[in-house]
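S.K.: Please work from the sequences and hints to get the whole structure.
Add 4 to a position in the sequence shown, counting from 1, and you land on the number used in our numbering.
Note that these hints are calculated values from the structure, not bench results. Glycine is no exception: its CB is placed at the ideal position from the N, C-alpha and C atoms. Careful: at least some of the hints might be erroneous.
As the list claims (entries may be wrong) - DSBU-like cross-link-like pairs, simulated, lysine-lysine; straight-line CA separation at most 35 Å:
1. LYS221 <-> LYS44
2. LYS224 <-> LYS238
3. LYS252 <-> LYS203
4. LYS102 <-> LYS224
5. LYS140 <-> LYS252
6. LYS100 <-> LYS231
7. LYS203 <-> LYS139
8. LYS252 <-> LYS224
9. LYS203 <-> LYS221
10. LYS221 <-> LYS153
11. LYS140 <-> LYS153
12. LYS208 <-> LYS224
Unchecked claim - Simulated restraints, written as ranges between beta carbons of each label pair:
13. GLU160 <-> GLU63: 42 to 50 Å
14. LYS100 <-> SER38: 17 to 25 Å
15. SER54 <-> GLN130: 41 to 49 Å
16. VAL142 <-> GLU63: 22 to 30 Å
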Amino acid sequence: MLVFSVHTRIDLRAAIRNTWGSVVENGSWPGSGSIGRGVKLLFLLGRSDSSLGNTVVREESALNGDIVQGDFRESYYNLTLKSVMGIRWVALYCHKAKCILKADDDVLIHVKNLIDFLEIDNNRPQEAIYGRELKKGVVHRTGRWAVDKAAFSLNEYPTYVPGNSYVVSGSIAARIDSIAELLPYINIEDAFVTGIIRKLLGIKIVNGVGFTHWYDKQPKPCEFHNKVRISATKVTEGLLYELWEGLKRNITDRYIIPKDE
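M.R.: Set out below in structure tokens:
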């Protein structure tokens with residue numbers, strides 16, 4: 005499980021280790037018993053402009069052994085570098101991994117539902133990318149998401165999945181790493197990895213409605229008491245603990261879905 009984070013979010017990383025990331029240590033999920041111990045959690049960071057920030061991260065890494073820090077400046081523009089770094093790490097040091105989860109640090113992952121989703125259908129392609137399918141994504145030429153035509157000339161990205169949470173088959177990690185080195189750099193991480201590279205490799209997307217999307221609202225505890233919901237976004241440190249306690253208490257309260265006005 006590869007989680008994008010930044011230096012200042014020390015408490016949020018600790019919250020992840022204490023909640024959904026705790027499956028790494030205890031191999032179990034609330035209300036579900038054992039799910040095995042074949043899960044590893046890594047936080048991916050770039051290089052801070054602050055020497056103190058880098059020192060703190062090194063100390064945190066020495067204590068927890070779950071941080072990979074790249075030799076590039078921490079910034080939104082370098083998210084693609086961070087993604088490729090994580091995939092390369094798996095290809096080099098964990099090459100037998102069946103699946104690679106990528107998630108942002110403001111996302112809660114229901115690991116049990118994710119595992120069930122990945123194992124539910126033997127007829128699925130052996131190599132795939134799993135996530136919330138997004139078609140006809142517009143290529144912006146100005147603003148935060150700007151991509152130069154010299155790097156990508158089309159006006160729409162190939163179908164891809166939003167980057168706040170998706171899964172890549174472990175067997176394609178090395179190929180993603182190799183082809184990423186050959187392409188012009190595009191800073192829209194999810195469109196680059198799960199759209200452009202995926203299409204070049206001929207890999208299919210398996211659409212999962214349980215994955216979150218960037219326009220989703222903050223979740224409520226009851227939303228995870230089903231077999232569908234895999235991830236939720238906009239999760240703060242406090243909300244993460246609240247959701248986790250809800251899972252442990254097995255809250256089953258349902259909330260009313262308003263009718264269309």
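S.K.: Decide, hint by hint, whether the structure agrees.
M.R.: Comparing the hints with the structure gives:
1. LYS221 <-> LYS44: holds (28 Å)
2. LYS224 <-> LYS238: holds (11 Å)
3. LYS252 <-> LYS203: Status violated; Cα separation ~40 Å.
4. LYS102 <-> LYS224: holds (30 Å)
5. LYS140 <-> LYS252: violated (39 Å)
6. LYS100 <-> LYS231: Holds: LYS100 and LYS231 sit about 27 Å apart, inside 35 Å.
7. LYS203 <-> LYS139: holds (13 Å)
8. LYS252 <-> LYS224: holds (14 Å)
9. LYS203 <-> LYS221: The given pair, whose Cα atoms are some 30 Å apart, holds under the 35 Å limit.
10. LYS221 <-> LYS153: holds (33 Å)
11. LYS140 <-> LYS153: Within the cut-off at roughly 17 Å; holds.
12. LYS208 <-> LYS224: Given pair LYS208, LYS224 holds - Cα atoms ~32 Å apart, limit 35 Å.
13. GLU160 <-> GLU63: 42 to 50 Å: With Cβ atoms ~45 Å apart, the hint holds.
14. LYS100 <-> SER38: 17 to 25 Å: holds (20 Å)
15. SER54 <-> GLN130: 41 to 49 Å: holds (44 Å)
16. VAL142 <-> GLU63: 22 to 30 Å: Violated, since VAL142 and GLU63 (Cβ atoms, about 42 Å apart) do not stay within the stated range.
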